[in-house]
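Each chain, letter by letter, is given below.
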Amino acid sequence: MRISKKLAPYIFISPFFILFFIFGAFPILYSFFLSFQIWDGIGPQEFVGIENYIFVLTDPWFWQSIWNSIVIFVLTTIPQHVIALFLAFVLNSKMVKFKDLFRSSYFLPYITSAVAVAMIFSMLYGEHFGILNTILKHLDNLPLIGTLFDFININPPIRWLGEEAWIKPSIALMVTWQFTGWNMIIYYAGLQNIPENLYEAAEVDGANMKQVFFKITLPMLRPVIFFGVTLSIIGNLQLFQQPYILTGGTGGVGRAGLTTALYLYRTGFNWNMFGVGSAMAYILCLFIIALSLINRKIFQER
Amino acid sequence: MKKLITITVVTLLIVSLFSFAIAAKTKIKVACFPDQDSGFEAILDDFYAEYPDIEVELVVNGFDDHHNALLTQIAAGGNVPDATTIEIGYIANFVAKGGFVNLLEEPYNAEQFKENIVEYKWSQGTTDDDRLIAFPTDIAPGTIYYRRDILSELGFDIDDMKTIDDWIAAGSKFAEDLDGDGVNDRWLLADAADIFFMIAKSGDELYFDEDGDCIVDSPRFIKAFKAAKIVRDKGLDAKIGAWTNEWYSTFKDGTVIMQPSGAWLGGHIRNWIAPDTSGKWGVANLPDDMYVNWGGSFLAIPEDAKNKEEAWKFIKFAATRKDTQIAQFKASNIFPSWKPAFEDPIFDQEMEFFAGQKARLLWLETAKQIPTVVTNKHDVIAEEIVSAALTDVLNKDVDIIKALKDAKQQIERRARR
Amino acid sequence: MSRENNKQNNLPDYKKLKKITNKTILYLILIAGVVITFFPFYYMMVLATRCRSEIFCYPPPLWFGNSAIINLNILLDKLPFFKNILNSIIVSTLATLLVLFFCSLGGYGFAKYSFKNKEKLFFLMLASMMIPPLLSIIPWFIMMRVFGWINSFKPLIIPGAANAFGIFLMRQFMEKIPNEIIDAARIDGAGEFEIYYKIAVPLSKPGLATLSILTFLSSWNNFMGPLLILQDKTMYTIPVALSKLNGNFETPWGATMMGTALGVLPIVIVFIMASKRFISGLTRGATKG
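Chains A, B and C are the protein sequences, given in the same order. Everything in the first sequence is counted per my numbering, starting at 1 for the first residue and increasing by one. Everything in the second sequence is counted per my numbering, starting at 1 for the first residue and increasing by one. Everything in the third sequence is counted per my numbering, starting at 1 for the first residue and increasing by one.
Chain A extracted, bound-state conformation (with noise of 0.2 Å):
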């Protein structure tokens, strides 16, 4: 069999699109006709028009898991782009040795499994015998850092997550933990893509290592910086399985951890209610798009 010039391309592409309409604009445009209709998904389906959509919008959970999502994406994308951010810098610079060992090294986290990572942090985040409560016992009983402690209030050992004010730190810690490797990968990248000469040139009027970062790294990296900070923010707001995994897929105490993802997951496939399901995920769908605009409208300024 063979196959002509002209039809080949479309053969050869077309496997995505019939993927794609089946598995992917099928389910979206059913999900849209299902946010009009209240169904459990057994019995018979009932048309209520827009009534999903003011269940959500005025469900003070619904809200209080954006507010969530929002507090644990702040938490962890500002040190996790500032960590990344150095550390690709650093790595790129003719400053250390061993770079492609350490690279390797901060890149581990992010293939490992969420569950897997979850799992781990959920005995370090042990209260009488973690470890982490541990090492700040230890910590606290050294005559400044106890001082410090006490100045910010810390006072272990802490209930990581049993406490309705460390649930959404905890979870940005390890989602702190896991994803920087990967954004300074990102970073990296961009770095490679800064011409040699700017910094020669740099080197040559005889700026320090400062000055280079935010003179010239900075304001070269522009573009990757938005780049990553929208990953970041359609990853955080669609943030499922560390909650699930550390609040036993409840959303932990006083729903401190009820992630909107992990909110809709229940709504859908604990509580059955499929209806207001589908509504959430088209509102969380235009929270996300929001927010990816106000991000490429910060980073276009200037």
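Quick caveat, the hints were computed from the structure, so don't treat them as lab data. Quick reminder that beta carbons are idealized off the backbone N, C-alpha and C, glycines included. Keep in mind that a hint or two might mislead.
[Said to hold, decoys possible] Think about it this way: if two alpha-carbon atoms lie no more than 25 Å apart in a straight line, the pair counts; the simulated DSS-like pairs of lysine-lysine are:
#, chain 1, residue 1, chain 2, residue 2
1, C, Lys176, C, Lys120
2, C, Lys78, B, Lys25
3, B, Lys252, B, Lys358
4, B, Lys226, B, Lys173
5, B, Lys322, B, Lys114
6, C, Lys83, B, Lys27
7, A, Lys210, C, Lys19
8, B, Lys29, C, Lys78
9, B, Lys306, C, Lys233
10, C, Lys23, A, Lys97
11, C, Lys120, A, Lys215
12, A, Lys5, C, Lys116
13, B, Lys173, B, Lys252
14, C, Lys23, A, Lys99
15, B, Lys27, B, Lys358
16, C, Lys23, A, Lys210
17, C, Lys83, A, Lys97
18, A, Lys97, C, Lys233
19, B, Lys29, C, Lys118
20, C, Lys19, A, Lys215
[Unchecked claim] What the simulated footprint calls covered on chain A by chain C, stretch by stretch (three residues with Cβ under 8 Å from a Cβ of chain C suffice, anywhere in the stretch; the number is not a length):
#, stretch
21, 2 to 12
22, 28 to 41
23, 125 to 139
24, 160 to 168
25, 184 to 190
Since the structure of chain A is already known, use the hints to place chains B and C on it.
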């Protein structure tokens, strides 16, 4: 070498023939959550003796996981267990959803067992159009588990502990900040929420009345919230949620005086949470003359199950016989719902774990006083919303009346969906 | 230039010293980072070799114990864990093979042909990447139910077989193949598929390597789909199996950490062996993007 090969081949053949013979048995899957599995395991040998052609595979999942998985399985069809446990909190939800066979029909004819089953259990497993879709296996009289050693050290006598205030008094004496970090290190109980559950469950109805109206703003709930709030505000609870490592420690280390729960928790404490504390525990009636049902389960056969007949044999074996009901009771305090079992001499036995107390007799007396409990298909979500409201009240000083009103509104909004 | 010389003459030692301290601090930070990165993995392995009473004591253990076999037995008692690993291998391998084929095919189509509506179709494909997968999770589940695909591996392999990201990545790599080679092959009478198979595929091996690692990883670590679809212990993939250990009344933590280690280590070993090529492939793919 050739000989070796021949021997191997022959052995393999024999083994495969044997496994073929074993495979000829009907294998049924029974899905359940802990500690139901320990109860079932205690009767499996006898079951095999009676039904050598049936093999039982227990599919054990965590409590929430078990019910959530069942929900998707029923919704998805096809891959369902042959028999499944359903706990009382979820029963009305599954009764309303359908997807299970009517046990009153041929070939099950469950009607014949009705007079021997605890009354309210039967109605809970029955749909509005009078189909029995879940067969009662056990009930769970609620009592208090308390540390005898601690209580007597504090100078309290269990016979005087008649009201919640008595317990609060004991707790206030016991609670103490041992390491001086500003929070107590021993308490009355692990979680103030259990004070709430104890009182909330003490009615004929729980979250909904018989007409299906949500009643979470009724005086019973206000009282329950207030009592929990007092316990929390006095620093008498450890704020430790159930089924966490920290929770288990409170049993082992004797850092709490008491824990209200169903009879089944006694099995957990004895079997694995704190087996070393044998003899230090006692069982007492709930304060203020409350008699509540705290748990209990059913067995049901999904419509899509492949081996319904064998599953029914298992259910009958587990739930309609004195000896097996008692065996499960003995193994993990799974309290019988089969009334003839109440006559068993085991109730008169002294229990070593509870320092020779005839605890089973106490549970039996409690069981006889439990009023009918109305269940509703929205119990699961109602419990989650009310618990959330309670957390807000305990942690954030939200006004109780307002919290319950909001909870009621939320439940009603959801109940429609 | 003279100012520079001046400085050097006045304070040579100081500057050198400062440079050395800076470097030392830098290395210390980098090494601290490595320690923080590796510690959870190390601790996972420590706990995997410890029994319950050793895990729940104060202070917690920091060195390996000798309960590894016991933990493995508990794990195998709770789950058919080796079957779960096998499931993960089967699913991830099949998914990767299909992705490699369909995405390189699609990438080749977009890279080396000009055809009507090419730009529009390419844009549509890129746009599809922006759709959050959560948007369609409920109908997706219902579809799987209608197809009778619940509790099978098909939903985890087939829908993603030709995905936008893979095609995009492969297009980046295949665009660099010189047109002359392809035209020459055509003149020699090679068919279109033959050119793809005999020329384009061998010339884009680094791209295929990157794509296969990425696909294998995401398939191996996939959670929500398998959690919804797989209902039998014997069908679980590793992440689902691990999550089921959690949430029972009594989580067997030593055994759970053993399972986590068994699930994580294969991936870590593969990564350590291929990390250099992987990261360079990734950076190259990302740079071109």
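Hint check results:
1. Lys176/C x Lys120/C: holds (22 Å)
2. Lys78/C x Lys25/B: Since the Cα atoms of lysine 78/C and lysine 25/B sit roughly 23 Å apart, the hinted pair holds (cutoff 25 Å).
3. Lys252/B x Lys358/B: With a Cα-Cα distance of about 22 Å, the restraint between lysine 252/B and lysine 358/B holds, given a limit of 25 Å.
4. Lys226/B x Lys173/B: The hint holds at about 21 Å.
5. Lys322/B x Lys114/B: holds (15 Å)
6. Lys83/C x Lys27/B: Measuring from Cα to Cα gives roughly 20 Å; hence the hint holds.
7. Lys210/A x Lys19/C: The hint holds at about 14 Å.
8. Lys29/B x Lys78/C: holds (16 Å)
9. Lys306/B x Lys233/C: holds (18 Å)
10. Lys23/C x Lys97/A: holds (11 Å)
11. Lys120/C x Lys215/A: violated (39 Å)
12. Lys5/A x Lys116/C: holds (13 Å)
13. Lys173/B x Lys252/B: It holds: about 20 Å lies between the C-alpha atoms, which stays within 25 Å.
14. Lys23/C x Lys99/A: The given pair, whose Cα atoms are some 14 Å apart, holds under the 25 Å limit.
15. Lys27/B x Lys358/B: violated (39 Å)
16. Lys23/C x Lys210/A: Answer holds: lysine 23/C to lysine 210/A is near 14 Å, not above 25 Å.
17. Lys83/C x Lys97/A: violated (43 Å)
18. Lys97/A x Lys233/C: violated (47 Å)
19. Lys29/B x Lys118/C: violated (54 Å)
20. Lys19/C x Lys215/A: holds (21 Å)
21. 2 to 12: With 10 residues in contact (Cβ-Cβ under 8 Å with chain C), the coverage given for the stretch 2 to 12 of chain A holds.
22. 28 to 41: holds (count 5)
23. 125 to 139: holds (count 6)
24. 160 to 168: This one is violated; 0 residues, fewer than the three required, reach chain C with a Cβ under 8 Å.
25. 184 to 190: holds (count 5)
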